[in-house]
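Quick note, the sequences are listed as chains A and B, same order. First residue of the first sequence? That's 1 in my numbering, and the numbers climb one at a time after it. First residue of the second sequence? That's 1 in my numbering, and the numbers climb one at a time after it.
Don't read these hints as lab results, they were simulated from the structure. From a predicted model like this one, the values you see are computed outputs, not experimental measurements. Hints are not guaranteed to be accurate.
[Stated by the list, open to error] Listing some non-contacts, in silico: residues in chain B with all C-beta distances to chain A over 10 Å:
#1 41
#2 163
#3 166
#4 183
#5 191
#6 275
#7 277
#8 404
#9 478
#10 481
[Stated by the list, open to error] Here are a few chain A residues that face chain B, going by a calculated C-beta distance under 7 Å:
#11 183
#12 339
#13 341
#14 383
#15 386
#16 418
#17 424
#18 432
#19 433
Glycine included, each C-beta is placed from N, C-alpha and C at the ideal position.
Read off the chains here:
Number of protein chains: 2
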Amino acid sequence: MTRDVRRRELLAGGAGLAAGGALGDAATAAARRRRVPRPVLYDVAVVGAGLAGLTAATAIRAAGRSVIVLEARERVGGRNFDHVLSPGKVVELGGQWAGPGQDRVLALARRLGVATFDTYSNGNSVYYANGQLQTYSGDIPPADPASLGELEALILELNKMAASVPAAAAWEAPDADTWDRQTIETFFGQTLASAEARNLADLSIRGVYGEEAEEISLLDLLQAITGVGGDFNTLIGSAQSIRFVGGPQQLSEKLAAALGKRVKLGVPVLAVQHGSHVTLASGSESFHARRAILTLPKTLSGRLVYEPALPPARDQLLQREPNGSVVKCNAIYATPFWREQGTNGQATSDTGPIRITYDNSPPDGKPGVLVGFMEGNDSRLFYNRSAAARRQAALECFARYFGKQALSPIGYYDLAWATEPYTRGAYGSFNPPGVLTSLRDPLSEPLGSLYYASADASPTWPGYMDGAIRSGEAAAGAVLASL
Amino acid sequence: MTRDVRRRELLAGGAGLAAGGALGDAATAAARRRRVPRPVLYDVAVVGAGLAGLTAATAIRAAGRSVIVLEARERVGGRNFDHVLSPGKVVELGGQWAGPGQDRVLALARRLGVATFDTYSNGNSVYYANGQLQTYSGDIPPADPASLGELEALILELNKMAASVPAAAAWEAPDADTWDRQTIETFFGQTLASAEARNLADLSIRGVYGEEAEEISLLDLLQAITGVGGDFNTLIGSAQSIRFVGGPQQLSEKLAAALGKRVKLGVPVLAVQHGSHVTLASGSESFHARRAILTLPKTLSGRLVYEPALPPARDQLLQREPNGSVVKCNAIYATPFWREQGTNGQATSDTGPIRITYDNSPPDGKPGVLVGFMEGNDSRLFYNRSAAARRQAALECFARYFGKQALSPIGYYDLAWATEPYTRGAYGSFNPPGVLTSLRDPLSEPLGSLYYASADASPTWPGYMDGAIRSGEAAAGAVLASL
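All chains should be modelled from the sequences, with the hints used to inform the complete structure.
See below:
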């Protein structure tokens, strides 16, 4: 058997060549003889029913084109995944926040009738450093003034550098080579003298990427700053200020409900045959379309079997954009007891595994919920440990910041995103040093009939729900213009 | 259809569950009823017929165990790929060199009757810098003495640092965190003042990895120095001193010939179901074994569909170990005309796309062959250009170093390794900053019935044929001990 035949078989899956791989006349004739129905040819097939994919599919349907959405999981929402506590009340195990300027996600919520509310912030925050707990009001933790001064200068410097970095083509910045040649950690090491300032700066990077500053290109960070409007403070502050009543997964659920049978769950796409048409194979099923939009995390898009193979720049890019790693931990309490103590549930700490917490209660504060994030290497300490060990470590962190009552929750829900086979990490993907300038490949460039979209590929609000929506809209626009 | 069923289907391929996925009694009975032959259960299935896989298979067979080797390509050898010019005379399009201390590959060649010869080095080498060509004898190019002094100090420093880095567990070095937190480029920038020294140092890194120093962790380099015996000079010098008469792909071809029908070509494995046994699926075929050894490039091992999914540390590691990028260019001439001019065909240059050349003629110098390497970003300039453009650029480089005669070859053969669907880059894989210390995962750790091997995963002689053989031997030893 030749390789070509075998590859085609592999793409066609169990349905065989006649029904699976064939768009040509001879195969169609053969299918008729065998009474196999002629395959449906959609205008567009979308892989992934997160916000990027569902937004794209909605736009394509609105333009009067036929569309199918193939989702590997038995649920929609991708990195939006809410655990229902009671009707209308959830804890978010994935993405949860929006903020000012995230116009697309806020508009979508309005359109779909999903209300928003402010992240709880009444009262004092907790700052835990060097074994000491302090409370403070406002946005600035009570760190050493010299450290705070360094951080302020750092942020001004980053914002100034970012002003010359185009969000959609960072490699075109005049200093792109210099900035892409170093990690964020190297830049911090050169810029910050105080250990406390470095610690807080590293923490902020983990909060943005779920990854250590030492793995990420400085140019990637500058591109992200441009992408959120030019201010690093947005990334670490106001982008976490708005929540969705009943949880953000509703956005995907409502979009999917409107698309009806066009959304197929439990269909993990494995292989992509592309040319004048696209065939997407999943087990024994194949789907045919004139165009495809792939909305998987980048590293998972790289794992599909492409026929023909991806061009080298795209392939090398997808080898190089891994996901960070986060365990998101929610502890449920009968009441938000920390509020009675005058604190708002927000902690910033130098001690892991949870160094950042928020009050994550529903709008009425019933029940009380604390959410904490194990980010980057903190999360990796738990890769080989039990769910009980994660829970225990999380509760001890909550107790460290808010008192012993935190050790006795009425419920606890967490998710280690690196274990999710169809995500494989969080918050999103990033560029290690040298990648952006080496490959200079905007994922927004279609490859013939193949289009890519995802929150992480959005120049504006990258990694946010808002970016996912923009990315889906942009891909749909490009696809529709091509049909 | 539930996800579980679908995933199993996907793994079973076109053969369906009965013949494909089933090792239990019920399925066997069903298979009998349908007159489908009961599936063969091998002791070991090896994925990949490069030196790692074939070495492993040879050892497993020698121990009296049954083995099957599944190779995606229609040829064996992996990154050893020789183009035959005439009987017994080849140009190597992939790996080609060995050197002192590479005992395993030299022993294998002796055992298989493949003779070796020295890389041609009689006469002067060429040094091209700042638009000027100089010739020189010996190993040290006629760079500025201050630059050479800096480089000598750099190498001593690297060797000293490497002495504390275990090749099989670099993260255990006392300074591992510090060294993994920076790229090789950052270290060079801090250590070398002269632009010429930095240029030569960067060139040496491209020569080792096929990648830019800015993408690679300093700790990865130190680990590699330990792996080749402790001296950076080995990596950039003597490891390129020995060649194989008739080409090194013969090693794989002879091993495969002895394994006979146990080696199956044209079988790209797509999916791996693992537990007490392993099922490897390729299109409509499935293969069953008690153990499997995966010898793919790491990034391609990460692209297989695993059932159950890989544990998070292994998955995140395989997201993070990309391949470099090299175009290897061989120009064929009636005679090695450069020898008549007193040069040995070796050039070192500050100007791309080819900055390194060697005399790559067969032992008798008939025909004459020049080989040049487009490495890292130099190679990426040609991703979207034609084969003719690559040829023209390569010949112009050869002419720059050896004169206009180089513009008129009688043959020309190159390979852009990033376009090879079953390799996707060269020379091998590497660790970006932070990866080794974050994940601390020696790929040598089996996952139940799954074992990994490859040149790039060998602590000793990583990335070399010798490392591939050692890696295959080690995996076979571990597998045999487990059976």
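We went through each hint and held it up to the structure:
Interface exclusion of residue 41 (chain B) from chain A stands, the closest Cβ pair being 22 Å apart, more than 10 Å. With a closest Cβ-Cβ approach of about 23 Å to chain A, residue 163 (chain B) is found to remain outside the 10 Å limit, as its non-interface label requires. With a closest Cβ-Cβ approach of about 20 Å to chain A, residue 166 (chain B) is found to remain outside the 10 Å limit, as its non-interface label requires. The Cβ of residue 183 (chain B) sits about 5 Å from the closest Cβ of chain A, inside the 10 Å cut-off, so the non-interface label is violated.
The claim that residue 191 (chain B) is not at the interface with chain A holds, since no C-beta of that chain comes within 10 Å of its own (minimum 14 Å). The beta carbon of residue 275 (chain B) sits about 16 Å from the closest Cβ of chain A, which is more than 10 Å, so the claim that it is off the interface holds. The beta carbon of residue 277 (chain B) is kept farther than 10 Å from every beta carbon of chain A, the shortest such distance being approximately 21 Å. The Cβ of residue 404 (chain B) sits about 31 Å from the closest Cβ of chain A, beyond the 10 Å cut-off, so the non-interface label holds.
Separation of residue 478 (chain B) from chain A is adequate, the least Cβ-Cβ distance of about 20 Å exceeding the 10 Å criterion. At the 10 Å boundary, the C-beta of residue 481 (chain B) stays outside the reach of chain A, the nearest C-beta of that chain being 23 Å off. About 6 Å separates the beta-carbon of residue 183 (chain A) from the nearest beta-carbon of chain B, less than 7 Å, and the hint is met. For residue 339 (chain A), the suggested interface contact is broken, since its CB lies about 35 Å from the closest CB of chain B, more than 7 Å.
Because the beta carbon of residue 341 (chain A) sits about 36 Å from the nearest beta carbon in chain B, more than 7 Å, this interface hint is broken. Annotation: interface hint on residue 383 (chain A) holds; nearest CB of chain B at approximately 5 Å, less than 7 Å. At a threshold of 7 Å, the smallest CB-CB gap from residue 386 (chain A) to chain B is about 13 Å, leaving the interface hint violated. The beta carbon of residue 418 (chain A) is positioned within 7 Å of a beta carbon in chain B (closest approach about 4 Å), and the interface hint is therefore held.
The interface hint given for residue 424 (chain A) holds, since its Cβ lies 6 Å from the closest Cβ of chain B, which is under the 7 Å cut-off. Contact between residue 432 (chain A) and chain B, as hinted, is supported at the beta carbon level, the nearest pair being about 4 Å apart and thus within 7 Å. Here the hint on residue 433 (chain A) is kept, as its CB sits about 5 Å from the closest CB of chain B, short of 7 Å.
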